[in-house]
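Student: Residues per chain, in single letters:
There are 2 protein chains.
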Amino acid sequence: MPDPVNLAAKLATFGQRWSPRIVSRFNGHDVMVVKGEGEFVWHAHPDTDDFFLVLQGHLTIQLRDGEVRLGPGDLHVVPRGVEHRPVAHGEVHLLLIEPAGTPNTGDEATAAVKVVA
Amino acid sequence: MPDPVNLAAKLATFGQRWSPRIVSRFNGHDVMVVKGEGEFVWHAHPDTDDFFLVLQGHLTIQLRDGEVRLGPGDLHVVPRGVEHRPVAHGEVHLLLIEPAGTPNTGDEATAAVKVVA
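Line order of the protein sequences matches chains S and C. So for the first sequence, this note's numbering puts the first residue at -9; every next one is plus one. So for the second sequence, this note's numbering puts the first residue at -9; every next one is plus one.
If you're looking for bench data, these hints aren't it; they were derived computationally from the structure. Treat the hints with caution; some may be incorrect.
So the derived label-pair ranges between C-beta atoms look like this [what the hints assert, rightly or not]: (1) S:Glu29 - C:Asp55: 42 to 50 angstroms; (2) S:Leu53 - C:Val105: 26 to 34 angstroms; (3) S:Leu53 - C:Pro62: 27 to 35 angstroms.
Glycine residues also receive a C-beta, built at the ideal position from the N, C-alpha and C atoms.
Work out the full structure, taking the sequences as your base and the hints as a guide.
Tutor: As structure tokens, then:
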């Protein structure tokens, strides 16, 4: 009898910021939870859209020509190739979905290692 | 300045059960919210995993050899080809992700039309 993945329980197992934890797989994508705080880096993913769902807290996704402000239960997809910078106001908990192997900064050299939670 | 998609606000715009509303697109997939109540049909998707995230309420995903019980904040991915039947206990609100054009019953003849919310 498989257990479901409880997102809050997974988030309670770690404290690191901007360090995604893989909680499931879906059609070749990693389904991840991440804790953010403060500014992430400007980046873009040339080959994938970037899925953000805020589970807790408040996140601004800065774009070169504006920004998107998200609170709990808000979802936004940044289209592929669009430069953006996530900025968390206090601690924020996110559900992210990316093709398996996608570097979170858009660049292998600076990407966080994704760990299976 | 794009607005994020608030899932609860989208869910508040309709009452139909098992009638998915598309709220965003992601890498060729439809991102949808749906309200469920009672039993859905047994089905399988031969070519896609089936992503369920419970936003509100309680859902059992019956499998031929067991079941997965989900509450708020619980996520489960049914692998492609695996027969399953979602059963909602009272009203349940879900986030679903499927490749664009996937029939929700696994069968074009019986599938609900997906509407953009």
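Student: Hints numbered earlier in the text: which of these fail when held up against the supplied structure?
Tutor: Per hint list: zero violations.
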